[in-house]
Amino acid sequence: MKLAKWIIAAVLVGPALNIATANKVDPDLPVYEPVSGVSGNLDSIGSDTLNNLMTLWAEAFSAIYPNVHIQIEGKGSSTAPPALIEGTAQLGPMSRAMKSSEIDKFEAKFGYKPFQIGVSLDALAVFVHKDNPIDGLDLKQVDAMFSSTLKRGADPIETWGQAGLDGEWTSRSISAYGRNSASGTYGFFKSVALLKGDFKSTVKEQPGSSAVVQGIGSDLYGIGYSGIGYKTSGVKVLALSVDGGEMYEATLENCISGDYPLARLLYIYINRNPVEKLDTLTREFLKFVLSKQGQEIVVKDGYYPLPAAIAAQYVAELEK
Amino acid sequence: MADEKDQNSGPDSLRSRSRVPDPERFRVSKGTLRIDAFMTRFIFVGGLGVIFAIFGIFFFILAEILPLFGGAKVSEESSIETGVAEPLLIGADEWSEFPFVLGKDAFHFIDVSGSREKKEVPISLPEGAFISDVAYLQESQYVALGYSNGEYQTVRILYTPEFAEDGTRTIESRLEWDKKARFAGSTEPVADLAVSISPERKIIAAILGEGDRKSLQVDTFVQKRSLFGASGFKLDRHEDLTDILSADPVQVLAGANAQYLVIRCSDNTVHLLERDGGWQKIQSFNPFQKSGAKLASMDFIKGDVSLAFTSTGGDNAIFSLYRHADSGKRLFGKTKELDPFSGGATIFAKSSRNKAFILANDDIISLRYATTADVRWEADLPVAFEQVLISGKFDRILGLDKGGEIHFYRLADPHPEAGFRAFFAKIWYEGQDSPQYLWQSTGGSDDFEPKLSLIPLIVGSFKGTFYALLFAVPIALLAAIYTSQFLSPRLKRIIKPGIEIMASLPSVVLGFLGALWLAPILEDRIPSVILICLAIPGSAVLIGYLWNLLPIRIRILIPKGWEFVIFVPLIVVVSWVAWSMGPLLESIAFRIEDPATGTSVADFRLWWEGFAGSQFQQRNSLVVGFMMGFAVIPIIYTIAEDALSAVPISMTSASLALGASRWQTTARIVIPTASAGIFSACMIGLGRAVGETMIVVMATGNTPILDFDIFSGMRTLSANIAVELPEAPHGGTLYRTLFLGAFVLFVLTFFVNTIAEMMRHRLRDRFKVVG
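Line by line, the protein sequences give chains A and B. Per numbering that gives the first Met the number 0, the very first residue in the first sequence carries number 0; after that it's consecutive. Per numbering that gives the first Met the number 0, the very first residue in the second sequence carries number 0; after that it's consecutive.
Just chain B, with the same shape it has in the complex (with noise of 0.2 Å):
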């Protein structure tokens, strides 16, 4: 370099420069080689760096949502010999360290460790009688015993965890027993018990005798209930509803709130009775009528407002309560048909964590979950098993056999209530009267059913761009020309940077200003803002063509570019107009009779419920798409704003030159020219409405909803993502399907984003500015 300098300043160098060409001057200097050298490294580690940063994170999203598409893995732990010859029942706690199984005439609590030694709770049996039949209640560890005498007894197993100095765990157990009681006189043995305990009511239903001689009977317990405990159960009265039946009854259940009785006769008839008062028969069913299948079995799914019924067929199906519209009576329906269960069941057990539950016969063992209706796992059975329950916390399956052994399952299914029927299917719910898109994805207790589809969601993303996109485009494309060709150059310089500005207005603000201000003012004010939407381009055509027939000594006192001053303030007349204008047209356009008290009133919110059947919420689609609209507008502006402006000066002067008008020019060269880049603004627009979280949060009501309607609300995927993400257990099934709604919304915009490319290459192909 230094030579270099030396060579250029001295005469000399220059009259040789000019003779002879010197090689060296042509060698690029070593220290631009090493630049140019480290650069072509540094840009290709970076770019390779940004795409795996983006595979990086689809892989971390996938690893993130797969398990949610697995199913039940259940591997056999060990067994545990009890001794108890002709066991009755199962029971555990919930941790299953201390299960208990009921012999002939005691608990036996056996410690799963081994360290501590069987401990054993005698019954008080009734003299000369023994125990006919038991119910029992995992959740509030309650058993009720039968006996053979028609006396009932329930206790209550109290399990504790202890802690030890050094924090090690061992589970006590204890009894609390209730009086022995008596069905009203009876001294038949009880064939079959149900219990069912809400905070205010206790039920206790038989059926006693045997034969021909059944006869059904329920006690209801009450007891007053305030914030700090609760009185006790008192009996409050007794019933004999035989009556009520229409055959020999097999089986009872009682459940949902201690409301209802389900009873299952011999002739494969259902009833269900109410509590109303005293006990009314409702309603009467065969589950299995068109196939005609004999029942096998009835049971309860967790949350007592599923039915499973399987038949002797083979077939598997789930009944629910839900509100039937012509009766208005709540009455069971079948919801659900799951895969044939062959030969029917002999055992059930349901989860208390959810809506799993366990079917068995001496043959096959099936985890299904009902929601889903869906099979998690099957097997074959090694030996035939008197009962089955599952685990507190749904992560054992403890299978008791007719010789007294516990056979321990270990259960791990994380996500049962997650499947792909479960995201993207219609699923009719329990409590619900048709099969629905639902996204409701948490309860206040345990024995709700989670929501989990993600189609309201979808949709809700795509009403919200739409509209969005819809208040956007035009008036973002419509600056963009009018700046790019027709605003004096001057004033351009200050207009673009300051629409810029807008796009710096934080969503949050946007949202709120949605919400609190805009929202309240839209509601009364429809009619005008109909009227503002026709007035403004219908004056503006006109003024334009008004100011068109002006002569031309007079349009030539305004200069080319500054037409506006002419224009805005009429049209901000005309708006002002149209706005003071809306109660007027409101008041002739939208009047409807109102059913109530036979006026006829002017109001746009009870006239478009009755035009289009769907009620007008005050934050609506439009709150949403006015306030995205002003977060989009800016991006749309200047990027096409840029494409417009890079039309070569040639093409528009040849075009000028040539006799065309500037709208002539406008239309004809430079928008076709630049349509790649205009198109390119849009998508990148659609890209930031899609992805808008915080006004959506604010301005709407986070309804998942599926309609397009413009006055009603909509939930979209990243505004889902906000709401619910801080609530969501770290690796738990929401947690994993908010990043399910993330994955989709990934794929969502990439396949618009490639589909955009590639119509703009298209465009770009067919309008190219040749050199």
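Chain A extracted, bound-state conformation (with noise of 0.2 Å):
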């Protein structure tokens, strides 16, 4: 996937312009301080989500550390756990929490479960063409849009005048764009969106975030989902409601209060033994990424950042 890498190149100093103004770091976020005798290699194998995110931060923390490298791969949530289990990455970036399923595999081979750090917050959007003058959805008609299973119970929606557009938007097809199924955001989306119901065949399913994002990009009657971190101008992210609720922004407020029903965290999963210490560097790592500075970049790529007591949770148990 050198060519997502290229894309997403392209595409990255878009968001991170876009948004870096409106939200804000909690001022209670500890700073970061540097210790001694940090170095050494550590890989990053997952979330093409995270993708960004984890560059920015590797970055960053080789700034402080020279001695330190950090290689990213990033083509999807389902390959951390494989990486993890394998030994081939010392961290597992992951935009949704690990199945039973892949902690089994884990724990066969280790015995112990892996173990899962939240670094960020999310609120999986639902992109639009920048045209289209839909402002928000209810999650049924998201459901009746992508799903073959309707577990919301809606009537399958085929079309933008369905979708309660008129004009000559009435009889346009929807088309409808999502990740391919390595992707946590898949795995997120299908469970939360669709109620754990199954996609439509018709979902064009694209390779990464920012493939999703160009195809909505491009296609003027197109619909899709991605991390709020891969917003680019020519895309407009919806308002959304349950049941026929209120509609909520994709906002930090409404992601804190649980308001906008699309809000997760997004996590990093390591192989710690629970008898031994954390090996310092992805300790130090950890804690960086948890720090202020750590979150600041969040907010930079678009992301969310955490409130300082879940950061200062976490890394309690980082120091255990």
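Think of the hints as simulated: they come from the structure by calculation, not from any bench. In this text, a Cβ means the ideal position worked out from N, Cα and C, and glycines have one as well. Keep in mind that the hints are not guaranteed to be accurate.
Listed below are the simulated DSSO-like cross-link pairs for lysine-lysine, each with C-alpha atoms no more than 30 Å apart in a straight line [what the hints assert, rightly or not]:
#1 72(B) - 112(A)
#2 98(A) - 425(B)
#3 335(B) - 139(A)
#4 199(A) - 425(B)
#5 98(A) - 223(B)
#6 98(A) - 233(B)
Across the chosen pairs, the derived CB separations fall in these ranges [stated by the list, open to error]:
#7 25(A) - 171(B): 32 to 42 Å
#8 86(A) - 420(B): 29 to 39 Å
#9 25(A) - 425(B): 48 to 58 Å
#10 252(A) - 180(B): 32 to 42 Å
#11 232(A) - 707(B): 49 to 59 Å
#12 611(B) - 42(A): 26 to 36 Å
Using the hints, put the two chains back together into the complex; each one sits in its own frame.
As structure tokens, this is what we get:
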């Protein structure tokens, strides 16, 4: 997926500038203090949603510790568990929680469960083309556009007219974009928005979040989902409601309050032996991620920072 | 050698050679012989190596896919005497290391390794009451106890692994009791209890009372949840649903996100209740209405949207919740019928990892899989069980007999969801309204039912290949004929390598261009494309005809093989005109009445959807056909051109000398003679198109659909492997299924190539050039 990286490089600049001013990190977050004796290599394999973020963290971390080399590969959350099990990576970023079947395989090899750390907040956003007049949707409608099982109980929606648009949009077919099945975003959307239903076979599966956003940006009748950090000027984020309730924008406040229905945590999984202390390099990297500097990078990349209390909890667990 | 040289050099030797031939001269040098012998063996070994390598790959793939078709292996491991008289329930931690048995008045935890004493946790029973029913949620380790005085209580068993210094693990258990509660003042004994918990809601349903005084009560609890935790469940409402029922309730189940209740009544009717504000009855049905058999058991399969029924007549059927198109409601419908289970089940256990379940009665135990309707394992029971449990990791079966002894069975069934039916047959999956061929391998949660039909992928492979060849073959072959027969040889030396360079375009670049550049352009200009497809061949023929009408003194101005200087500019002009005429054609031919506004709009996309009844996708087969065509054209072109150029000049000369025109010679002599080569060119092009991956991954939506529509996408076998292999855990079902896809691809190409080779031989024999 060299190409994916190429696209990412191109897209990266856009969202970073857009949202940078909109959200502030929690002022109570601790400032990261460098310690001595941190060097070595870290490998990260996993989520594509977290790919840009991991790259930015790695750059900033290497700036503090010049002897640290970090390699990042982001094909999808489902690639993280096999990488942690095989030992090809020390960090496994994931945009969904691990499934029990994945934990089973890890546990079968190591005897203990993988260690989970939340590193950022994300509003899984539903995007449409920027010229689409629609502003918000109900999750029922989203389900009706993407799902073949319609677990939310709406009638199937094939055209924009059925989704409430009029004029020339009325009889236009909806062109749905989604992620490939390796993606945690795919899994999360399926579990939460479709209530564990199935996607329609006509939802186009794209190999990366940026490909989804690009696809929608060049398809006037397109709709799709990905992490909010991938927002570009070519697309528009929709507000969402549940069961006909109030519409909520995908903002930090709505994510923390739980009002925005597709808010989620992004994770990094590590292989931590419960009877041994975590190695310095991994621990310092994660502490950096959970620090003020780390969370400022989150904001810069268009995602939402963790509240200080939550970050402190994770740091405490790391130090244990 | 040296001698020979000497002999040749002198005039003496020349003379002697002319007189008596020197026998040494005809002897092959030792060096040549040695090289010859070496090369014979080397080539032999090399050839053998190639054959072995191919067989090696074949057997490797075979070894990867064979486990998919195996059944379950179950072997008895051990048994532990617990000493609990009249046990009510067996439960276990996910590791099956510290299971518990619920006795009359206590939980008994037993360490399987025998290193610890039995741990007993007493239950504070209400005065004078006993436990009249229990419900157990294995995944969340919730136990609900119903008492004979109408009270109920839930308890959560918290299992935590503790690690010693040397890394050994022991499981600790802790019980978290909720307060006792009562269904709205009822004092009747709890006859049947059911619990369902979702992140926002918890429902506890019970049948209370005995004889004909039974009632159905439901308590609903709610909690507010955010990303960082939950507020804790609070009682929201209490409902008495006795009036909804037609007859005496026998059994109640709660499921599907705490959204549904299923009640079995004594008259063999099953009622489905949906929580929509309050509880509404939305369906009543008798699962075995046709056979008239009596219901023996009813239980949820993992995911709580499918019910497994057995009847005393031995029927075993699965009913799933799906949206009925006529009512628009999600109701139960029969989706599968399994092999009979004689006598009906009295014991049921479900896996918490997949859609497997166990049916048992006093005599037989049977492990079945709901998706494939497959019986994985069946055996006679040595002792009658009271309860059966499938361990959390689907690796053990725990049977609790009536004497309180736990029997451990090791279960080895790594691929229960696989099988011939799963890959190649229509299956009625959970939530779908009809049996279908579907590919959807992964979900975000464990109760997802993998859909592993290879049929859409095989169809997708054929579809992509078909559209690629539809575009590539005519262009490549005509170009080959033209360059080999009509073009000036000087130019051919430039053009042929030029086209061959096209083959070096990386397919990922083609795919990228197709997806982000060509697809949006083509989307709006389909009428232009249609016009161009008609105009170019049409105008070429027309220009040729007109050219022919011109007097010879004008035609002679253009030397033979340079006619294209006239053609190419004309065709470019025609193409440009056709491209710009597209919107005009659209506005004339592709008008459609917009049902919403009543006005007539010219739009090909809308027109197509009305005309073909299928969606118009931006990432469609046309785009892939164009892009793949680019990859395939150079290959077909260069091989076909070689074949055409290899036709002996003697034949063409003879033909031309006998007065045939250039076209006649080409059509009647050259093409038939070269047909075997042209055919191979097409087959090699086909091979390339079938295996092409990156273009399809990038330029289509990878939609695993089952149609041959030109304006919809596809997902090919090879693209599927590329997209899903990174996420497939080594040795898992998906991993092996992807190998099966590779195997199918291998077999398909093998067949196509064999047939092609046979046809090529026949063609070659038919048009053999006589020496």
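Do the hints match the structure? See the list:
1. 72(B) - 112(A): 27 Å, holds
2. 98(A) - 425(B): Since the Cα atoms of residue 98(A) and residue 425(B) sit roughly 28 Å apart, the hinted pair holds (cutoff 30 Å).
3. 335(B) - 139(A): 29 Å, holds
4. 199(A) - 425(B): Holds. Residue 199(A) to residue 425(B) sits at ~17 Å (cutoff 30 Å).
5. 98(A) - 223(B): Roughly 24 Å separates the two Cα atoms, so the pair holds.
6. 98(A) - 233(B): Roughly 28 Å between the alpha carbons, so the hint for residue 98(A) and residue 233(B) holds.
7. 25(A) - 171(B): 32 to 42 Å: With Cβ atoms ~36 Å apart, the hint holds.
8. 86(A) - 420(B): 29 to 39 Å: 37 Å, holds
9. 25(A) - 425(B): 48 to 58 Å: Check passed, 54 Å falls within 48 to 58 Å.
10. 252(A) - 180(B): 32 to 42 Å: Since the Cβ atoms of residue 252(A) and residue 180(B) sit about 37 Å apart, the hinted range of 32 to 42 Å holds.
11. 232(A) - 707(B): 49 to 59 Å: Check failed, 38 Å falls outside 49 to 59 Å.
12. 611(B) - 42(A): 26 to 36 Å: 49 Å, violated
Violated hints, in rising order: 11, 12; the structure is consistent with all others.
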